[in-house]
Amino acid sequence: EEGMPGDGNFFWGAQVALFILFVFSVRFSVQQVLAQDRRLTWRSALCVGTLGLHFAAGIVWYLSQALLQQLYW
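Per my numbering, the very first residue in the sequence shown carries number 7; after that it's consecutive.
These are computed hints drawn from the structure, not numbers from a lab. The reader is advised that the hints may include incorrect statements.
Said to hold, decoys possible - Each pair of labels, with its calculated beta carbon distance range:
1) GLN71 to LEU46: 13 to 21 Å
2) GLY55 to ILE26: 20 to 28 Å
3) ALA20 to GLY58: 21 to 29 Å
4) ARG44 to LEU69: 26 to 34 Å
5) PHE34 to GLY64: 12 to 20 Å
6) LEU52 to VAL29: 30 to 38 Å
7) SER70 to PHE25: 17 to 25 Å
8) GLN21 to VAL54: 18 to 26 Å
9) ALA41 to LEU74: 20 to 28 Å
10) ALA23 to GLN71: 16 to 24 Å
11) TRP67 to GLN42: 30 to 38 Å
12) GLN71 to LEU40: 28 to 36 Å
13) TRP18 to ALA41: 32 to 40 Å
All residues carry an ideal CB built from backbone N, CA and C; glycine is no exception.
When you get a sec, could you build the whole thing from the sequences and use the hints?
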């Protein structure tokens, strides 16, 4: 690849990979819950809760970046 090494391709590539991993993790968790006749066991509730907290934190981060327009990371 040509250009400056500071173009950041290593950074955004990792973000896209993490997003894809998150989407497939949510899909897998939903499939597991539906396979158990829509019953939440403590393990599936823990997984769904953790992914939900991760999703909520992403929304909070996005809103802080979009509304405040200051970089905090």
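Practice task
Quick one: which hint numbers does this structure break? Sort them smallest to largest.
Solution key: Hint check: 1, 6 and 9 fail, others pass.
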